[in-house]
Amino acid sequence: MPFTYNTEEDVAAMLQAIGVASIEELLEQVPADFRLQRTLDLPQAMGEMELDRHMRELAGKNVGAASGAVSYLGGGTYDHFIPAVVDTIASRGEFYTSYTPYQAEVAQGNLQAMFEYQTLITRLTGLDVSNCSLYDGASAAAEAVMMALASGKGRTRVVLPASVHPEYRQTITTYVSCLDAEVVTVAAPNGVVDLDELRSVVNDQTACVVLQQPNFFGCVEDADEATRITHAAGALMIAAFDPISLGLMKRPGDWVGVGEGADIAVCEGQSLGTPMQYGGPFLGILACRESLVRRMPGRIVGQTTDRRGKRCFVLTMQTREQHIRRDKATSNVCSNQALFALRATVYLSLLGPEGLKETAHLCLQKSRYLAERLVETDRFELAFAAPTFKEFVLRDRQNKIDDLIACGLANDILAGLPLGQFDPELDDCLLVCVTEKRTREELDRFVEVLTQNAAHPNGGNRAKSPHFEPASIA
Amino acid sequence: MPFTYNTEEDVAAMLQAIGVASIEELLEQVPADFRLQRTLDLPQAMGEMELDRHMRELAGKNVGAASGAVSYLGGGTYDHFIPAVVDTIASRGEFYTSYTPYQAEVAQGNLQAMFEYQTLITRLTGLDVSNCSLYDGASAAAEAVMMALASGKGRTRVVLPASVHPEYRQTITTYVSCLDAEVVTVAAPNGVVDLDELRSVVNDQTACVVLQQPNFFGCVEDADEATRITHAAGALMIAAFDPISLGLMKRPGDWVGVGEGADIAVCEGQSLGTPMQYGGPFLGILACRESLVRRMPGRIVGQTTDRRGKRCFVLTMQTREQHIRRDKATSNVCSNQALFALRATVYLSLLGPEGLKETAHLCLQKSRYLAERLVETDRFELAFAAPTFKEFVLRDRQNKIDDLIACGLANDILAGLPLGQFDPELDDCLLVCVTEKRTREELDRFVEVLTQNAAHPNGGNRAKSPHFEPASIA
Amino acid sequence: NDSQLLFDISKPGRRATRLPACDVPVKPVAELLPAASLAASTPELPELAEPQVVRHFTNLSTLNMSVDTHFYPLGSCTMKHNPKRNERAASLPGIVDLHPYQPEESIQGMLQLLYKVQEYLCEISGLPACSLQPAAGAHGELTALWVAHAYFKDNGQAHRTKVLVPDNAHGTNPASAAMAGFDTVTVKTLITGAVDMEDFRKKLDDNIAVFMITNPNTVGVFEPQIGEIAAEVHARGGLMYLDGANMNAILGISRPGDFGADMQHYNPHKTFSGPHGGGGPGAGPICVAEKLRPYLPAPVVAKRSASEGAEYYLDYSSTKSIGRVRSFFGNVGVLVRAYCYIRSHGPDGLRRVSEQAVLNANYLLSRVKHFLPVPQGERCMHEFVASAKKLKTERGVTAMDIAKRLLDFGYHAPTIYFPQTVPEALMCEPTETESKETLDAFAETLFRITEESPELLHEAPHTTAISRPDEVTAARQPTLCHCG
Amino acid sequence: NDSQLLFDISKPGRRATRLPACDVPVKPVAELLPAASLAASTPELPELAEPQVVRHFTNLSTLNMSVDTHFYPLGSCTMKHNPKRNERAASLPGIVDLHPYQPEESIQGMLQLLYKVQEYLCEISGLPACSLQPAAGAHGELTALWVAHAYFKDNGQAHRTKVLVPDNAHGTNPASAAMAGFDTVTVKTLITGAVDMEDFRKKLDDNIAVFMITNPNTVGVFEPQIGEIAAEVHARGGLMYLDGANMNAILGISRPGDFGADMQHYNPHKTFSGPHGGGGPGAGPICVAEKLRPYLPAPVVAKRSASEGAEYYLDYSSTKSIGRVRSFFGNVGVLVRAYCYIRSHGPDGLRRVSEQAVLNANYLLSRVKHFLPVPQGERCMHEFVASAKKLKTERGVTAMDIAKRLLDFGYHAPTIYFPQTVPEALMCEPTETESKETLDAFAETLFRITEESPELLHEAPHTTAISRPDEVTAARQPTLCHCG
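Each protein sequence line maps, in turn, to chains A, B, C and D. Counting in this note's numbering, the first sequence runs from 1 upward without gaps. Counting in this note's numbering, the second sequence runs from 1 upward without gaps. Counting in this note's numbering, the third sequence runs from 1 upward without gaps. Counting in this note's numbering, the fourth sequence runs from 1 upward without gaps.
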């Protein structure tokens, strides 16, 4: 056993010290009826060399963005470039094999990095406080909604535009399913939320509105007006943002005007230096106004001084948390995504303001270039007229999305996200994403491949997740 | 500039403190005639993302043992498995961004690891002392020969069996080319050194004999007898060994009998956890008898105590070295291969005696299995009858080595090393190597591919290094 | 200087990153995005050079204790060795670079792996259905409770609102129950950690929805009455939930499904050695009984015959599913490591993991009990809880003092003041990846500390970068980000 | 326990590695190998578990200072930042896993890279021919001297046996000359580091083979008379060798080929930022004049038209080659990093590297000279040598004391007692990858140290794991391995 130490001699000495004859005797603590009388039905052990080979074989059955394919997939997970320094730092054993900093004296590395993370997030969002991270963007959005419901003095309505990521909406719906809450969806017929409908549904029973900016379709919402509508009703504005977009676009806290914007901002922080890993683990970012801090879920690090007067950092405001408050806690979050918060901290340190801006700029310019090249052809059009940031919804006039995906794959291209699985009306649409990594040559080739119209013979085996509505259990 | 700090403001402040108007003024230290008046003709700078893409493109133009090919190449560089822990440790910045431990107080990590390395090498070789590493196996062999010449009281003959790796022989020849020394080659007609010829050339003018075990052809030499012949003439026996073979085979120091064997042992340590990297940097291992220690080249670490009496480690015996002895030094070696000595130390710690033995055993059994399977076919025979360890010389009765190589490559197999480039008489031979990584399935496929006899249409573009004899300048 | 913040070392104009020039025609941003959406300036991120970033974070890291550097007997957290082979595997191209929305045929290797993880977790738990979606143990609890909620609702038993939780349970249990809309009722436990059956029976009624039990419990004792408890809960129509935080004690030895659990979560970062990452990520896959399968979050990975398309696929077909509990498939990176761990050990190796964890814990208990009483008794499974109550009474030395002083000797502290049922608790979990030598040295150090002067201990640690931060001020006048 | 050796923590029966069962028919070893070749037992390697190995070496690493953690102004060694992007690139599959004997068509990417490195090094040096084979700077010196030897022999000038080396040169210069069979003659230098022209002319005669010069020299001064020296050496039929250790000062500013060098080596681990690895690996590629090209070691990478086969190939064609100086192609891993470095910087960036290195060194000099005299004067290129002679005379404080005390403040020491021409030398090379803030703090610390009491300084360092090891005993009664 490569990871255990005890030799036969050790075991004998230890058993003697304990005063038992065998390990089996120790296991008699488990009532006999419940002791498994057979060996688990699992494959036999592999040594490291065999495991390595096996994992490479499994990996070889996949095609990824860094292993053979050019990716145009977005929809909440993005193929942004990750500088090598991020891996170098995050792979230091002192970071990745440590745990929650309960003993501040031997965890200042984690605690200071978390404090820096919180600071970066407040600067990024324009809000007052950030926690140390949550699971992912969707659950962070759900936690934000829970915060709004809890602080809403009995308000029960949660308003979700249809332009919010469908998986975020599904997650929020699940989170509030057992509570006294009502989810109201507002249509987004032109790729952005219908502000008139929003006005009509946001009322004095509304706890919050969730607005994604840029939204799931890549379109830019009128966040200022949506915020005004929300605040006018006394509801909280919850912003779901793309952190890369903040290289050019207004911070959530600054919607309407500086400090007048969103009350809570959440996002999927994967773009900030976390690899795609087939969807997780990712980084749930959540920041809010000072006034909401005691409702905030998750760990929070604060600055203080030690007994010698030295500046230092500790986990703080733990009375919100489940290990003290138990069923009265603000949430049940215990493990978080500290390692990815660290990655985001390193990533943002490396990018700095100029790097963030340039990254955003490249995403904007390149995605618009591709969109224009595609709509120059007869086959495609943009589904929506609204301005977009790094993603856009492409409509195939021939309505052969499966063929496009298959044809892309045959050419080592991950062509985009078919939207029919989320909305039947978008069955002829693809969400196409362009990050700073794509070159003009790749973009031109994408146009060429997609328009060569060569329906791939074996098309159609793509991931078909049927239009999925959460079971109505509320 | 990602790696420099000074902002324009900094530069201005620094120039002022120095008392010059510009950096250009500082550069006027270089006589005007010799200041380059143009920009270097080099490609323009790339950011990290571009560099990453560029390097992946270059890498994509290669096929390696972990990137698409199954390798049967050996001949001094081996595709042994490297446990992940080796990379984890060697990639710690404290190891790989530090330098030679001149300040022992802040280099105990390196110094202790080097001391452990030296100890492991003595245990591995059965000799008394080891240095901290040399460049590679060939230059270590050459340094060993230099040691023998220096300690040989005027003896000038260096005896090299033809079964020693040709590149080692070439390197040794270059090293002694400007000295009063004579290189005598002894034939190895049956894949092992001709002991009668050896007896006849080893005389009282012989400084040393170099014996490789297992030798370049993978064959097992009669090391005991060769050592007896050498010692009988008062010459030094220099062993070039395969560290993996020591899982089963006698240590060089134990040839003839324990402590009676080789006087100096050298080897290419790449097998011990260093990746192949197209041939370097590798790890030159050199160990010797106590009596030769003051002739030993390279850094040596010794144990001592500090001013508080604590055990610690320092660079020692530096009076041998060039920074003190200058032209009287034992060698000019300054930079060594410390990082790979560290890798070897970690590797051997992970393998332990049982792991080394099992690795050797797998190499032996699998290579013999493949040899037998190949000679079962009509086409192939073994060139030599001598027992082999993990490599063997395969003779193609059809004498179509280029086709075999091309056919292998077309099937993602690196089929072996064509020996004609080293010896025209072996023009129909391939040196085939099988490490513990090869599976039976791969071995069977190798037989199938090589015997399917499908001469590849585009065969013949393989690396053809013509039979290369060092320029005779001695 | 270690204590400087990123923001302290920033200087305008420094850069660590340079993006390439735009290789497509550039249009004015104002033409592409609405003026109202544009920021007046870029967020005030620090401006740094690469060497500075590397040195800052490398030096910060050295202020942490970690499993790679220190013995870390943090009870309940299972700080075992994180195999480096798993890290290598999880970062392979073809694993680390997959997008969650890729076509199924481009990710058959990944889907196969995830399918196998589902199978393995079911086999280990003795429960037939699995969801890999939850992102952490607590998230798994919550997901399972939503499943229970949906199940009862679907079966016309919406009146079941009561969740029983022993008083020594992890705080996440009651917190999760509350989030899922249940009422929590606390059940007392005995000094051995076992459920007080009398109290349990008093609180058990027909409104029971779920009994959440940690077994082995948080003092490391296998609940001796687990059979009776499960039988009585089931008799009342309730469900048994097994908090799987301590699964590392019973791998291949006992299966929750066999001792009555209807649902359980795993903490793969504990049981299957995913690195803890300074607080996460974890993962919280759950296994459930057949009757609960329809309610699991979607998708799950399913297998079909080759003629129907790609062999492995994402199955969204259950119409009774509770829906999503997060975006995308799950914390795949953690599950990949769990897969590697299970494959590295095989059935015998996994059992040995638990045996050795139990052996190490009992050995440490046997060495410690003489000077630090262990109220639960002479035996434990993978961890035990010692009490410094006597030391506190007699000499004023608290569990906190002992914990802090251990840091001076190069040991991470055990978990302290949990469970709250043990006064001055020190919860020690050595794990199976420590040696007898380490346990001996730790026990000796612990003994030495109990002999030291209270004054010395109250001010410990003495050798760390900082000592005894002022937590009260931190909480009362919170400074949660750097201003300036 | 940090101070335990691997051997101290070994225990019979522990294992960190398990190999697979043999999947081919197993024959008795005695049938396969001669009895006389077999070992009676396996070497006594330590027996350890993986967690133990990880913890042992991780903790050991933290006892080192390094560029990633500390300012490391070790003069002449050029301890600059090692870009992490280069490490990533060098470990890519398709780079790191290539065997040196692969067919050329399977390594065209690698050969292209190496061909470009040859080209770039030639352009930077101003010399037309390149060999990438030498494994380190000193190996490059030796190789170049063999080339010179072969050149002279081939041209009937075997009488040229004299190699002139300034007294402030690196010790490798005379050592290499001796190994190549030359006689070394030392040339004096002035306090400025410049060659004493009088002494030079005295020693220059018709037996001159090579003048080995380091320029900028080891006190960081660009040799002002380099033109005259080269002219006079050439007039006598000798060759100029440029020790390229300090190339980082003149990238794009001045080219050795332009100031008279016929041969030079590079230290890519210094100039182009390959990591130093605790002592190596380095690499020692050399560039030479056209007339010396035929004598270079083989192979070199050459290019041909596509019709002739693979575009890039290994050229062994020179019949005058000195032969091999090592096995295989060269220290490719280091050259890959050098390639990345050159591509990352481009021509302007490389020049800026040198400019900033010179600026930083001059700035530090300007801050230090007031309290630690710098005999060479007010200016330097990339490094300078301060002298503690006055401090030693007046207060008994040596360069060693200052160096050791710096460690207490978290700075690596400068190089001390080199060059030997400067009494109590402290050779400081800040490199371009440090900030003004760091230089300011370092200078202030240095000043503070010069004010401290000699008693305190003689016993420094005070905060490190060990202090002032007994080097005399280490050398006189050497213990070079662990017995037992």
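Among the clues, some could well be false.
[Unchecked claim] Restricting the straight-line Cα-Cα distance to at most 25 Å, the calculated cross-link-like pairs of lysine-lysine (DSS-like) are:
#, chain 1, residue 1, chain 2, residue 2
1, B, Lys328, D, Lys116
2, A, Lys61, C, Lys11
3, C, Lys153, C, Lys11
4, B, Lys357, D, Lys162
5, C, Lys27, A, Lys357
6, B, Lys357, D, Lys303
7, B, Lys61, D, Lys116
8, D, Lys27, B, Lys328
9, C, Lys202, A, Lys357
10, A, Lys328, C, Lys291
11, D, Lys11, B, Lys61
12, A, Lys328, C, Lys202
13, D, Lys303, B, Lys328
14, B, Lys328, D, Lys162
Read the hints as simulated data drawn from the structure, not as lab findings. Treat the numbers as computed from the prediction; the structure is a model and nothing was measured.
How the hints compare with the structure:
no., hint, verdict
1, B:Lys328 / D:Lys116, "violated (38 Å)"
2, A:Lys61 / C:Lys11, "violated (47 Å)"
3, C:Lys153 / C:Lys11, "violated (60 Å)"
4, B:Lys357 / D:Lys162, "violated (52 Å)"
5, C:Lys27 / A:Lys357, "holds (15 Å)"
6, B:Lys357 / D:Lys303, "violated (45 Å)"
7, B:Lys61 / D:Lys116, "holds (15 Å)"
8, D:Lys27 / B:Lys328, "violated (53 Å)"
9, C:Lys202 / A:Lys357, "violated (63 Å)"
10, A:Lys328 / C:Lys291, "violated (31 Å)"
11, D:Lys11 / B:Lys61, "violated (47 Å)"
12, A:Lys328 / C:Lys202, "holds (23 Å)"
13, D:Lys303 / B:Lys328, "violated (42 Å)"
14, B:Lys328 / D:Lys162, "holds (15 Å)"
Taken one by one, the earlier hints fail for this structure at numbers 1, 2, 3, 4, 6, 8, 9, 10, 11, 13, listed in ascending order.
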